[in-house]
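Student: As given, the protein sequences belong to chains A and B, one line each in that order. Residue numbers 2 to 73, in our numbering, belong to the letters of the first sequence in order. Residue numbers 72 to 534, in our numbering, belong to the letters of the second sequence in order.
No lab work stands behind these hints, which were simulated from the structure alone. Among these hints, one or two may not hold up.
[What the hints assert, rightly or not] Simulated pairs of lysine-lysine, BS3-like, Cα-Cα distance not exceeding 30 Å:
hint, chain 1, residue 1, chain 2, residue 2
1, B, 487, B, 361
2, B, 217, B, 140
3, B, 487, B, 314
4, B, 189, B, 136
5, B, 361, B, 409
6, B, 417, B, 487
7, B, 350, A, 4
8, B, 98, B, 217
9, B, 304, B, 217
10, A, 4, B, 409
11, A, 4, B, 354
12, A, 4, B, 361
[As the list claims (entries may be wrong)] To be clear about the criterion: a stretch of chain B counts as covered by chain A if any three or more of its residues have a C-beta under 8 Å from a C-beta of chain A, and this derived list gives those stretches:
hint, segment
13, 330–339
14, 348–357
All C-beta atoms, glycine included, are put in the ideal place defined by N, C-alpha and C.
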Amino acid sequence: MDKLLDILRELHPEADVEAPGLITNGILDSFDIVALVGEIEDRFQVVLPASELTPENLDSAQALWERISVRL
Amino acid sequence: MGFLSEGFLLFGAVLLLLYYRFPRGQKQILLAGSLVFYCGNDLWHLPLLLLTAVTAWYTGLRLQKNGKKGIFLAFLLLNFGILLACKVLLLRPGHALPLGISFYTFQAAGYCTGVYRKSHAPVQKFSDCFLYLAFFPLLVQGPIHKPGELLPQLTRSHAFQRENLALGFGRMLLGAFKKLVLAGRLAPAVAALRAEGNVYLLITLYALEIYGDFTGGIDIALGFSECLGIRLKENFRLPFFSKSIAGFWRRWHISLGEWMREYIFYPVSVSRPLRRLGKWSRKHLGAFGKRLPVYLASLITWAVTGIWHGLTPNFLIWGMCNFLVITLSQELEPIYEKFHRKFRWKQKPLYGAWEMIRTFCLMNLIRGWDLFPNPGEYIARLRLFAPLQTCLRPADWGILGVTGVFLLLWSLGEAKYGCLRTWLLEKPWLLRWSIYGFVLLMTLVFGKYGPGYDAGSFIYNQF
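Chain A extracted, bound-state conformation:
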């Protein structure tokens, strides 16, 4: 989870990435999401399919971590 938070902070150092609302508050846009998928693959060797890239799964670091950890 810490590694994931590091990735999110690299993308948006100005934002509070630990709080929910990454999508609903407009912090992550579609470009960020694709960059995020690439970083997740590099650091966790986990490939998130397109079907997982939903607002529900991406709106918080916790929700995203749950999608990553089931694939570890």
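Given chain A, put chain B in place with the hints provided.
Tutor: Structure of chain B alone, referenced to chain A:
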């Protein structure tokens, strides 16, 4: 029987009466109404709509039993093949695309993709699937809906609520106002300028015409649905208040942007070839390497979006222009941030206004490609600065001026209070009736309809 015809007024009135008189049969009434609407507008192409509905329904059920990729791909190939064939064969003078084909094909593809990905279960009844694809307010110009956004509302009954009718009629009136007064009055000037005249004036007036035409049509669709107690998704959110091209596409034709993002951009981005490229580029190209796969996926998505609009080179160029501006803005972001840290203009209202005007002008230049199937002609016209003349008379300018001021105030109101129609319901009846009365009067007196006008035809019908 287009949206703004006497036939539709009669059809709508009868449908509403039956809908609330027989609440247990509302789904069947909507089904029958959608069939009547389609047959009244485009009977010859009804078999194509039925084919898409049957194949979508059948594919959904087969995928549930046995989720093989083959049947899913066969469905996509068949239905996008039909769409492509129609665009190749029918998009020429004297012909028209089958009503709603782009919208119901995209909706069907989204539905089957959702079943394939196991995001939702397939619809068991064919009538439900058909209604989801053929629900008539959506056939003219969308918006495109995912099954979860629409099916539950279509299949349950809705009790009569006066508020729904008040809000719905108000919205339909606003839609008619935008379509008949704004778009209707600008259309002849845009057509004349398209032939010859100042191209900068052309693209500005075209921006306002398409705004009136497209958002007006959507207002009518959403307004009628609201009368039925069905809340459709918004397709526009104050688009001329956008401060960037990327921001504009989050406010204009929102449902198409969402569809492209979910079914083209993300799948392309996470595809094996792009992931392989991304791994290589992140290792060898540093910070730019992290962005390269995103840019490639974006390039492909914009190419597809351009082609969706039309198969002539100008639409591909249109897509590429959007891609280039958005990508350049991304790359220049560090420079913008340095500039704003030094000058602190971003918080100032005047700077915000400048951003909106800049985006409006840039978007007009990009949208201008819509109008010139021959790209060379557009470029040549941009180089000329022809006199600023139109066929609009002073009276037209006066009416357009009043219309523009009203719509600007309405938009500012929505930016501040949210849905102004809901806000007005809580205000004194005199204010409410004055505003709607003004809009009705403007539409009846200054709207362009009647013999010689095709008020029911919308620009986005052709896509």
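Student: Indicate, hint by hint, whether the structure satisfies it.
Tutor: Against the structure, the hints:
Using a Cα cut-off of 30 Å, the hinted pair residue 487 (chain B) and residue 361 (chain B) is violated, with the two alpha carbons roughly 39 Å apart. Under the criterion of a C-alpha separation no larger than 30 Å, the hint pairing residue 217 (chain B) with residue 140 (chain B) is consistent with the structure, at around 21 Å. For the hint pairing residue 487 (chain B) with residue 314 (chain B), the CA-to-CA distance comes to about 17 Å; that is within 30 Å, so the pair holds. Among the hinted pairs, residue 189 (chain B) with residue 136 (chain B) is consistent with the structure: their alpha-carbon atoms are about 11 Å apart, no more than 30 Å.
The suggested pairing of residue 361 (chain B) with residue 409 (chain B) holds, with an alpha-carbon distance near 21 Å, which does not exceed 30 Å. Only pairs whose Cα atoms come within 30 Å are accepted, and residue 417 (chain B) paired with residue 487 (chain B) is accepted, the gap being roughly 20 Å. Proximity of residue 350 (chain B) to residue 4 (chain A) is assessed by CA-CA distance (about 18 Å); at most 30 Å being required, the pair is judged to hold. Our distance criterion of 30 Å between C-alpha atoms is met by residue 98 (chain B) and residue 217 (chain B), whose separation comes to about 18 Å.
Annotation: proposed proximity of residue 304 (chain B) to residue 217 (chain B) holds, straight-line Cα distance about 10 Å (limit 30 Å). For a cut-off of 30 Å, the pair hint linking residue 4 (chain A) to residue 409 (chain B) stands: about 28 Å separates their Cα positions. The straight-line distance between the Cα atoms of residue 4 (chain A) and residue 354 (chain B) is roughly 19 Å, inside the 30 Å bound, and the hint therefore holds. About 17 Å separates the Cα atoms of residue 4 (chain A) and residue 361 (chain B), which keeps this hinted pair within 30 Å; it holds.
Taking a C-beta to C-beta cut-off of 8 Å, the segment 330–339 of chain B contributes 5 residues in contact with chain A, enough for the three needed, and the coverage statement holds. Coverage of a stretch by a chain is defined here by at least three residues with a beta carbon nearer than 8 Å to that chain's beta carbons; for the segment 348–357 of chain B and chain A the count is 3, and the condition holds.
Checked against the numbered hints above, the structure breaks only hint 1 and satisfies the rest.
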